Amino acid sequence: MQFLNGITLLLVYQLVGEITVRLLGLPIPGPVLGMVMLFVTLMIRGKAPESVDQASTALLSHLSLLFVPAGVGMMAHFGRIADEWVPITLALLLSTVITMVATALIMQVTTRWFAKPLPEKEGGDE
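Heads up: the sequence shown begins at 1423 in this note's numbering, then just goes up one per residue.
Read the hints as simulated data drawn from the structure, not as lab findings.
As the structure is a prediction and not an experimental result, all values here were calculated from the model.
Any given hint could be a false lead.
With beta-carbon atoms standing in for the labels, derived distance ranges [as the list claims (entries may be wrong)]: (1) I1450 - E1506: 23 to 31 Å; (2) G1447 - N1427: 28 to 36 Å; (3) L1527 - L1448: 23 to 31 Å; (4) R1502 - L1527: 30 to 38 Å; (5) A1470 - L1437: 18 to 26 Å; (6) E1542 - L1488: 45 to 53 Å; (7) V1523 - F1425: 34 to 42 Å; (8) V1531 - L1446: 24 to 32 Å; (9) I1503 - F1425: 36 to 44 Å.
Glycine is no exception: its CB is placed at the ideal position from the N, C-alpha and C atoms.
All chains, full assembly: derive it from the sequences and hints.
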């Protein structure tokens, strides 16, 4: 029963995110907004409920099954991918580099933001 409660809670957050995005006309996917709402809720609570923990663990243990539709889609459109492999490859490489650079810059900024200064030692270094 815990698993069912956890899945229901995850889907409710996804639904609330989807409804909010559609009502407000936001340019982000509804499930992403729902995930942000869930994250904020969990941060406020300080821990995940047992039901959400159990459901998320079960979903993550079967994560590889979620890639099956993407693989089927690639096989179904193999001809188009073969025809347009150069722009696809360039887009993948460029987006990967941009993501890595953005992640590194964000990490540097947040590290400086959250880092505590080291206490200075009294006396000299010997």
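Hints, verified against the model:
{"no.": "1", "hint": "I1450 - E1506: 23 to 31 Å", "result": "holds (27 Å)"}
{"no.": "2", "hint": "G1447 - N1427: 28 to 36 Å", "result": "holds (32 Å)"}
{"no.": "3", "hint": "L1527 - L1448: 23 to 31 Å", "result": "holds (25 Å)"}
{"no.": "4", "hint": "R1502 - L1527: 30 to 38 Å", "result": "holds (35 Å)"}
{"no.": "5", "hint": "A1470 - L1437: 18 to 26 Å", "result": "holds (19 Å)"}
{"no.": "6", "hint": "E1542 - L1488: 45 to 53 Å", "result": "holds (51 Å)"}
{"no.": "7", "hint": "V1523 - F1425: 34 to 42 Å", "result": "holds (40 Å)"}
{"no.": "8", "hint": "V1531 - L1446: 24 to 32 Å", "result": "holds (28 Å)"}
{"no.": "9", "hint": "I1503 - F1425: 36 to 44 Å", "result": "holds (37 Å)"}
The earlier numbered hints are all upheld by this structure, with none contradicted.
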